[in-house]
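Dock chain F against chain P, hints included.
Chains as they are written, first to last, in the working numbering: chain P, 1 to 337; chain F, 1001 to 1338.
There could be a bad hint or two in this list.
[What the hints assert, rightly or not] To give an idea of the interface, some chain F residues facing chain P are shown, with a C-beta separation under 7 Å as derived from the structure:
1) Glu1046
2) Met1138
3) Gly1145
4) Ile1146
5) Asn1147
6) Thr1188
7) Ala1189
8) Val1192
9) Thr1193
10) Ala1224
11) Asp1228
12) Ser1262
13) Met1263
14) Pro1264
15) Asp1267
16) Ile1277
[Stated by the list, open to error] Between beta-carbon pairs, the in silico distance windows are:
17) Gln1327(F) to Lys105(P): 50 to 56 Å
18) Glu1269(F) to Ser114(P): 32 to 38 Å
19) Ser169(P) to Gly1023(F): 16 to 22 Å
Worth flagging that the hints you see were computed from the coordinates, not collected in a lab.
These numbers come from a predicted model, not from an experiment.
Every residue gets a Cβ at the ideal spot worked out from N, C-alpha and C, and that includes glycine.
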Amino acid sequence: MNKNEKHLLEVTSLRKYFPVKGVKGPGVQAVQDVSFFIRKGETLGLVGESGCGKTTLGRTVLRLHEPTGGRIVYDGEVLYDNPLGPDGKPEGKAKAVNMLPYRRKMQIIFQDPSASLDPRMTVGEIIGEAIDIHKLAASKKDRSDMIKELLARVGLNTEHTNRYPHEFSGGQQQRVGIARALAVKPEFIVCDEPISALDVSIQSQVVNMLEDMQQDLGLTYLFIAHDLSVVRHISSRIGVMYLGTMVELGESYELNRHPLHPYTQTLLSAVPVPDPQLSRSRHRIVLQGDIPSPMNPPSGCRFHTRCPYATERCSQEAPRFKEHEPGHWAACHLLDS
Amino acid sequence: MSEQKPKLLEVKDLKVSFFTPAGEVKAVGGISYDLDYGEVMGVVGESGSGKSQEAYAIMGLLQQPGKVIGGSITFEGEDVLHFSKEQMTSFRGSRVAMIFQNPMTCLNPVYTIGNQLVEALRAHDKSISAEDARKRAMEMMEMVGINNVEKRMKQYPHEFSGGMRQRVMIAMGLICHPQLLIADEPTTALDVTIQAQILELMKDLQKKTGMGIIFITHNLGVVADICDKVSVMYAGRIVEQGPVDDIFYHAAHPYTLGLLRSMPRVDAESYERLIPIEGTPVDMLNPPEGCPFAPRCEHCMKICLKKMPPYVEVGEKHRSACWLRVQERLNREESADE
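Okay, chain P solo, but in the shape it has when bound (with noise of 0.2 Å):
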């Protein structure tokens, strides 16, 4: 146990597979196997395409899903664990906790704030009933000092527990998305493209934020987004997903600068850059096609139907992950020659 101490969160092969009606197998494979930590105060980035799996992860991390299979542990306690068979099915029953007190510790940032706020309640309520489940404040006053704090804390008028989402521009209303997370005081925060919605000029104020809120409090993130420059910028490590599995992990400079794995370097390259010279001598790598099916995905390497330097052997083995660099991972068979 003594070397997992500073890992916040250990997750393995952790395994998320949603049954299809109708269809049989296992459905679709929404993700397949995924290994990683976060260490305790670090913000580790997810990033991928629509589909790949980044949000039924970080949704699983918390089981706001049920996990199909692995393993989940957070500072120190098993949350689940179904350790897989050789044969890839669970070997015995799973064992699960009770999560409502972990609930507290853990928590999530959602997209989209106008789908993911109650629009029949007050900001004042939305804040104050995660102080109320988990019994957070003495006495009325205490509650409602606490809900003013906090609107303060995310940069909002505290005059304005009254109101009503739909009285907030986007951007105000994800701090209140915000101030809702907090309102717990967790140590873990699953982001979940929280700016994605926001208007550029906004997305800044909220990344500053997020930042400020995470030296002040000694927060752990996990930040999922597609934009691989927000990622990259407040990420001290990032792990890319594709369809399912991750391909790599590493420090986020790093990663940025010696990408190991083809996706990644593709992915890297069709990241638009603000600055037209640049971007008229960058040579680009576009993929062909689009994305398959997590329902059917292909055989071995799942990205082989795309890499431009596929060989037999991916279509047939799947890679394994493994640590290529100290602090650098990847699922690749271009790296083992």
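Relative to the frame of chain P, chain F by itself:
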């Protein structure tokens, strides 16, 4: 120079207002620009900046209660705003086409793709035979990089992925060979790798056909990639306009500068804290007096809160509406006088 060919598109002091129960919303408050054949102009702005409404006005697609209340739109020397309904119908589609952010809402889910492409063509070219139309539709699909055309023609929109649907939309837009394509956030709903494909395709088609493109987006990276010139819009006005390099390397309006500074860059060498634009976007029902950006501007002066700044030429074809630039100009003239 006497026989000057008219520009592809000239917009002069265009004003669009929405007359809502809550009051008049000046979505577009007097913008001017021109676009030549083969040029790609980017229109950048946040939601509510009027960048889409301005394009809808060109297409004659403004929704109630929106109205063009002033200015002119001239397309190849013709006055678009005074077209009759029939003229507008033939103008739209055959000379100027538009593609939208979400292709799924633009395609009819109960007709095959082939059907919809042929329909688009035959709506404008009544004399074309069904067989020829089908051939043209298939050519177009190949041109936008769709394989297996025979089979794809018979499929329905839901059988296409997001990127493929956007390709279909582009094929449909270009099937009558328009001189102008208006692309309203065509890649915003797509993933980056698919976005890269679509941008390459659009650049390629633009070179082949020589059409002009108005590219509406909020993504400055995309602008840097595809555009020749840029108009930056804020609260219904163009605050800065110029060639793409000037906008990115010599931005002359605090809003443009703010946007550029607030974006994290994927090629940054080390961590730098972002510098956001403080404040919130303008409430278009109660826009501030004077420069709309003044309440959020770090260089705000007294005059900014009272009067809208005029355009100042800050470089060749590069102009900016900011009192700072006016002041600079005055200072320079003063020192020249001495």
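Margin query: Of all the hints numbered above, which does this structure not satisfy? Sort the numbers upward.
Written below: 2, 3, 4, 5, 6, 7, 11
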